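Student: Each chain, letter by letter, is given below.
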Amino acid sequence: MADLRLKGVGKSYGAVEVLKDIDLDIGTGELVVFVGPSGCGKSTLLRMIAGLEKITAGTLDIDGVAMNDVPPAQRGIAMVFQSYALYPHMSVRDNMAFSLKIARKTRAEIDAAVEKAARMLQLEPYLDRLPKALSGGQRQRVAIGRAIVRDPKVYLFDEPLSNLDAALRVATRIEIAQLKEAMPQSTMIYVTHDQVEAMTLADRIVVLADKRIAQAGPPLELYQRPMTEFVAQFIGSPAMNLLAGEIAEAGEVTRLRLPEGGGTIAADIPTRPDDVGRKVNVGIRPEDMVATDGDDYAYEGRVEIVEALGEVTQLYFERSRPEHDPVIAKLPGVHTGLRGEAVRMTADPARVHLFAEGRSLLWR
Amino acid sequence: MTPLLQGLVTIVLGVGGCIAYFYGANLLLDKVLFPARGPKIGRNITRANMVRPWLFLFPALFVLGLYLAYPVVGSFWRSLYGRDGDSFIGLGNYQALFADETFRTAVVNNLLWVLVVPAAATFFGLIAAQLTDRLSWGNIAKSIIFMPMAISFVGASLIWKFVYANDADIGLINAIRTGLGADEAVDVMQVPFWNNFFLMVILIWIQTGFAMVILSAALRGIPEETVEAAIIDGANPFQIFFRIKVPQIMGTIVVVWTTITFLVLKVFDIVYTMTGGNFGTQILPSYMMSYMFRDDGRATAVAFVIMLIVLPVMVWNILQARKELR
Numbered sequence: 004m005a006d007l008r009l010k011g012v013g014k015s016y017g018a019v020e021v022l023k024d025i026d027l028d029i030g031t032g033e034l035v036v037f038v039g040p041s042g043c044g045k046s047t048l049l050r051m052i053a054g055l056e057k058i059t060a061g062t063l064d065i066d067g068v069a070m071n072d073v074p075p076a077q078r079g080i081a082m083v084f085q086s087y088a089l090y091p092h093m094s095v096r097d098n099m100a101f102s103l104k105i106a107r108k109t110r111a112e113i114d115a116a117v118e119k120a121a122r123m124l125q126l127e128p129y130l131d132r133l134p135k136a137l138s139g140g141q142r143q144r145v146a147i148g149r150a151i152v153r154d155p156k157v158y159l160f161d162e163p164l165s166n167l168d169a170a171l172r173v174a175t176r177i178e179i180a181q182l183k184e185a186m187p188q189s190t191m192i193y194v195t196h197d198q199v200e201a202m203t204l205a206d207r208i209v210v211l212a213d214k215r216i217a218q219a220g221p222p223l224e225l226y227q228r229p230m231t232e233f234v235a236q237f238i239g240s241p242a243m244n245l246l247a248g249e250i251a252e253a254g255e256v257t258r259l260r261l262p263e264g265g266g267t268i269a270a271d272i273p274t275r276p277d278d279v280g281r282k283v284n285v286g287i288r289p290e291d292m293v294a295t296d297g298d299d300y301a302y303e304g305r306v307e308i309v310e311a312l313g314e315v316t317q318l319y320f321e322r323s324r325p326e327h328d329p330v331i332a333k334l335p336g337v338h339t340g341l342r343g344e345a346v347r348m349t350a351d352p353a354r355v356h357l358f359a360e361g362r363s364l365l366w367r
Numbered sequence: 038m039t040p041l042l043q044g045l046v047t048i049v050l051g052v053g054g055c056i057a058y059f060y061g062a063n064l065l066l067d068k069v070l071f072p073a074r075g076p077k078i079g080r081n082i083t084r085a086n087m088v089r090p091w092l093f094l095f096p097a098l099f100v101l102g103l104y105l106a107y108p109v110v111g112s113f114w115r116s117l118y119g120r121d122g123d124s125f126i127g128l129g130n131y132q133a134l135f136a137d138e139t140f141r142t143a144v145v146n147n148l149l150w151v152l153v154v155p156a157a158a159t160f161f162g163l164i165a166a167q168l169t170d171r172l173s174w175g176n177i178a179k180s181i182i183f184m185p186m187a188i189s190f191v192g193a194s195l196i197w198k199f200v201y202a203n204d205a206d207i208g209l210i211n212a213i214r215t216g217l218g219a220d221e222a223v224d225v226m227q228v229p230f231w232n233n234f235f236l237m238v239i240l241i242w243i244q245t246g247f248a249m250v251i252l253s254a255a256l257r258g259i260p261e262e263t264v265e266a267a268i269i270d271g272a273n274p275f276q277i278f279f280r281i282k283v284p285q286i287m288g289t290i291v292v293v294w295t296t297i298t299f300l301v302l303k304v305f306d307i308v309y310t311m312t313g314g315n316f317g318t319q320i321l322p323s324y325m326m327s328y329m330f331r332d333d334g335r336a337t338a339v340a341f342v343i344m345l346i347v348l349p350v351m352v353w354n355i356l357q358a359r360k361e362l363r
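Sequences listed follow chains A and B, in order.
Position in the first sequence (from 1) plus 3 gives the number in the working numbering.
Position in the second sequence (from 1) plus 37 gives the number in the working numbering.
Derived by calculation from the structure, the hints in this document are not laboratory data.
Among these hints, one or two may not hold up.
Restraint ranges, calculated between C-beta atoms of paired labels, are given here [to be verified]:
| hint | chain 1 | residue 1 | chain 2 | residue 2 | range |
| --- | --- | --- | --- | --- | --- |
| 1 | B | G51 | A | D97 | 54 to 60 Å |
| 2 | B | G288 | A | D168 | 25 to 31 Å |
| 3 | A | D197 | B | G288 | 35 to 41 Å |
| 4 | A | D168 | B | L98 | 42 to 48 Å |
| 5 | B | G127 | A | D97 | 55 to 61 Å |
| 6 | A | G139 | B | M351 | 37 to 43 Å |
| 7 | A | A174 | B | M351 | 44 to 50 Å |
| 8 | B | A254 | A | G67 | 45 to 51 Å |
| 9 | B | R89 | A | G139 | 38 to 44 Å |
| 10 | A | G17 | B | G288 | 34 to 40 Å |
| 11 | A | T109 | B | G288 | 32 to 38 Å |
| 12 | A | G30 | B | A178 | 48 to 54 Å |
| 13 | B | M351 | A | Q125 | 45 to 51 Å |
Computed list of chain A residues with no C-beta within reach of chain B, every gap over 12 Å [as the list claims (entries may be wrong)]:
| hint | residue |
| --- | --- |
| 14 | G11 |
| 15 | G13 |
| 16 | V21 |
| 17 | T62 |
| 18 | L124 |
| 19 | D168 |
| 20 | A174 |
| 21 | A180 |
| 22 | D213 |
| 23 | G254 |
| 24 | G280 |
| 25 | E290 |
| 26 | G313 |
| 27 | V315 |
| 28 | P329 |
| 29 | G340 |
Among chain B residues calculated to face chain A with C-beta under 7 Å, some are [to be verified]:
| hint | residue |
| --- | --- |
| 30 | E262 |
| 31 | T263 |
| 32 | E265 |
| 33 | A266 |
| 34 | I268 |
| 35 | I269 |
| 36 | D270 |
| 37 | G271 |
| 38 | A272 |
| 39 | P284 |
| 40 | Q285 |
Since this is a predicted model, take the numbers as computed values, not measurements.
Just so it is clear, CB atoms sit at the ideal spot from N, CA and C, and this is done for glycine as well.
Could you put the whole structure together from the sequences, leaning on the hints where they help?
Tutor: Here it is, written out as structure tokens:
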């Protein structure tokens, strides 16, 4: 039930600037995920929204009210911490009830809110246990329950799944998705470094890099139409291949020469006549690479490593210069006997990305 | 033999004796008592391994028994004898104790000390630890509060003798009284009943530093997120302190409290130096001292009473400390 607006928000610790010029509108009921490399300030931004860190530049509005100097408890937010941050000396019930007790709610109100949250999260059998008697997943549910009982306008999740083991992470991720479904009016902001979480949960992903927002948009848009090389390589695994190339023919469809592999390839990206001869990076996702015998190819090289995962086979190609990241192709199904072979790879022109000076030619 | 040579010989004999004991006893066990050969080889190895820990523990157990367990029994035995040490008088010493007015005063005073000093020292230590936690000059403040720990009880008592001096030109208390318009200086140490508390202040002053250092470390160990979660839950600083932080370090608080309690039950120097137990300030240890060398039977009886009082606190302390370790 809340619109959240960040305008020119920045954060600096003394002379060190960690975030600047963050502009972002988050609508009611939206689930926005902040992703980015370690140290990009995504958790800091979340903590600024929570009120645990001071906002040193710009404004934060929630429902049109400036929140910069409002104490955390009155911002209408609730936060779920990475380490759960349960009060170790209190039972599950008391953990969830604490904020309501502080707010001097009546006994009946508190009990009703706690029971309701416990039912939603299947925590009823554990209400009288101490946190130390719970498993990691149960603790995380209690942390979420503690947020739910406050009935906040905005939920803030700070890497809530990163302390769980792989299987539990998937299960809890689905639970969070169901929770969102059950509370369509709640706005949620979720910080993670796990792009699967980001892709599956988000209505919109915000990629933070180099103190700023690199790109904000629906998950598939970030995957299909990344604005920058950074976003292109950050979203998707293994990361997008980048090959040095040159624009050979401009037009509705651009033709490219790739000196390293010795081939040429087409891209469904319009270019202008004056672009001819421009140095670009040609981006192709590993999963878009296709083996070919034709003359239209992006890369030809010897296969150095073959990873057979059953569902897919990943090929790592030798590169002419060892300091470059290996070119990777992800082929569906099982392929054997490719090790040491010279293979030509190409891609559908619609799946080829072009970057000049780090920015996509699609978005200029 | 020069003392230096004596020392060397002692060290060589001591260390050599230890090595000889462990090596020889082990050898005896393995080769002679339960040799690992012959028809009963399996049984012999098992038995040797059952005996071995006791073999190695024996010296420590023996020394502990000699210097800790035996004295307890010995003291109790001695306390059943009269002044000359030859006449058995049964529980006569204890009867005399409980009939003695001064002993009852000492028990009541000791009870007051045990109630007030650990509570006050822990409380002030906790407050000091919390208040100095985030301060830029917090470490300087902590050092100053900790300093009295480095002073002996007698030294501290001498300092406080000045504070309590019966002279407005020397004593702080009387200077303040005079400043507020009092005509004559009073001897603070002779104010009935309250003089006990003035003595306790000295020990509180010394022990606050100890409590502060331990509790400060415990406070630092509290996960920061629980405090942040409480901030978001709307708790004010007092609620965070008393409902989030203090409960999380309760185990440490109890250990600090009980540790100071032992100290209080043993302290005698302060009373001995300040009042000598006069003016109704007697406590058990100084009461015991007053009988020492005059009537050892009576003195050991007091010692035994003190031990009985300390025992339950000590058991509780050990249990708590173990819980903390886990």
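Student: Confirm or reject each hint.
Tutor: Hint check results:
1. Separation of B:G51 from A:D97 is about 58 Å and conforms to the stated range, judged on CB atoms against 54 to 60 Å.
2. Against the hinted window of 25 to 31 Å, the Cβ-Cβ separation of B:G288 and A:D168 comes to about 30 Å, which satisfies the hint.
3. Range check, A:D197 to B:G288: about 36 Å between beta-carbon atoms, so the 35 to 41 Å window is met.
4. With their beta carbons about 47 Å apart, A:D168 and B:L98 fall inside the hinted range of 42 to 48 Å.
5. Distance hint check: the CB atoms of B:G127 and A:D97 are about 56 Å apart, consistent with the given range 55 to 61 Å.
6. As the Cβ distance of A:G139 to B:M351 is approximately 38 Å, the hint placing it in 37 to 43 Å holds.
7. As the Cβ distance of A:A174 to B:M351 is approximately 49 Å, the hint placing it in 44 to 50 Å holds.
8. About 46 Å separates the C-beta atoms of B:A254 and A:G67, a value consistent with the hinted range of 45 to 51 Å.
9. A beta carbon spacing of about 43 Å between B:R89 and A:G139 agrees with the range 38 to 44 Å that was offered as a hint.
10. Distance hint for A:G17 and B:G288: a CB-CB separation of about 38 Å, consistent with the stated range 34 to 40 Å.
11. The given range of 32 to 38 Å is respected by A:T109 and B:G288, whose C-beta atoms sit roughly 33 Å from each other.
12. Restraint check, A:G30 to B:A178: a C-beta distance of roughly 50 Å satisfies the suggested window 48 to 54 Å.
13. Between B:M351 and A:Q125, the C-beta spacing of about 46 Å keeps the proposed range 45 to 51 Å intact.
14. Even its closest Cβ contact with chain B, about 25 Å, leaves A:G11 beyond 12 Å, as expected for a residue assigned away from the interface.
15. The beta carbon of A:G13 is kept farther than 12 Å from every beta carbon of chain B, the shortest such distance being approximately 22 Å.
16. No beta-carbon of chain B comes within 12 Å of the beta-carbon of A:V21; the shortest separation is about 18 Å.
17. No beta-carbon of chain B is positioned within 12 Å of the beta-carbon of A:T62; the least distance is around 20 Å.
18. With a least CB separation of 17 Å from chain B, A:L124 remains clear of the 12 Å interface cut-off, as annotated.
19. No beta-carbon of chain B is positioned within 12 Å of the beta-carbon of A:D168; the least distance is around 20 Å.
20. With a cut of 12 Å on Cβ distances, A:A174 stays outside the contact zone with chain B, its closest approach being about 23 Å.
21. With a closest Cβ-Cβ approach of about 24 Å to chain B, A:A180 is found to remain outside the 12 Å limit, as its non-interface label requires.
22. At roughly 27 Å, the least C-beta separation between A:D213 and chain B is larger than 12 Å, which holds for a residue marked as non-interface.
23. Non-interface call for A:G254 relative to chain B: holds, since the shortest CB-CB distance, roughly 56 Å, exceeds 12 Å.
24. Distance check for A:G280 against chain B: the nearest CB is about 56 Å away, which clears 12 Å, and the non-interface claim stands.
25. Distance check on A:E290: its Cβ is at least 38 Å (rounded) from any Cβ of chain B, clearing the 12 Å threshold; non-interface status holds.
26. For A:G313, the non-interface assignment is confirmed: its Cβ lies about 40 Å from the closest Cβ of chain B, beyond the 12 Å cut-off.
27. With 12 Å as the threshold on Cβ separation, the claim that A:V315 sits away from chain B holds: the shortest Cβ distance comes to roughly 39 Å.
28. Consistency note on A:P329: stated as away from chain B, and its beta-carbon is indeed over 12 Å from all of that chain's, at 40 Å minimum.
29. Separation of A:G340 from chain B is adequate, the least Cβ-Cβ distance of about 53 Å exceeding the 12 Å criterion.
30. For B:E262, the interface hint holds, the least distance from its beta-carbon to any beta-carbon of chain A being 3 Å, beneath 7 Å.
31. With its C-beta approaching chain A no nearer than about 5 Å, B:T263 sits inside the 7 Å limit, and its interface hint holds.
32. A hinted interface residue such as B:E265 counts as satisfied when its beta carbon comes closer than 7 Å to some beta carbon of chain A; here the least separation is about 5 Å, so the hint holds.
33. Taken as an interface hint, B:A266 checks out: its beta carbon lies about 4 Å from the nearest beta carbon of chain A, inside 7 Å.
34. The restraint placing B:I268 at the interface with chain A holds, with a minimum CB-CB distance near 5 Å, inside the 7 Å limit.
35. Interface hint status for B:I269: upheld, as the beta-carbon distance to the closest one in chain A is roughly 5 Å, under 7 Å.
36. Taking 7 Å as the C-beta cut-off, the interface hint given for B:D270 holds, the closest approach to chain A being about 4 Å.
37. Taking 7 Å as the C-beta cut-off, the interface hint given for B:G271 holds, the closest approach to chain A being about 3 Å.
38. Below 7 Å, beta-carbon pairs count as interface contacts, and B:A272 has one with chain A at about 5 Å; its hint therefore holds.
39. Proximity of B:P284 to chain A holds as hinted, the smallest CB-CB distance being about 4 Å (cut-off 7 Å).
40. About 6 Å separates the beta-carbon of B:Q285 from the nearest beta-carbon of chain A, less than 7 Å, and the hint is met.
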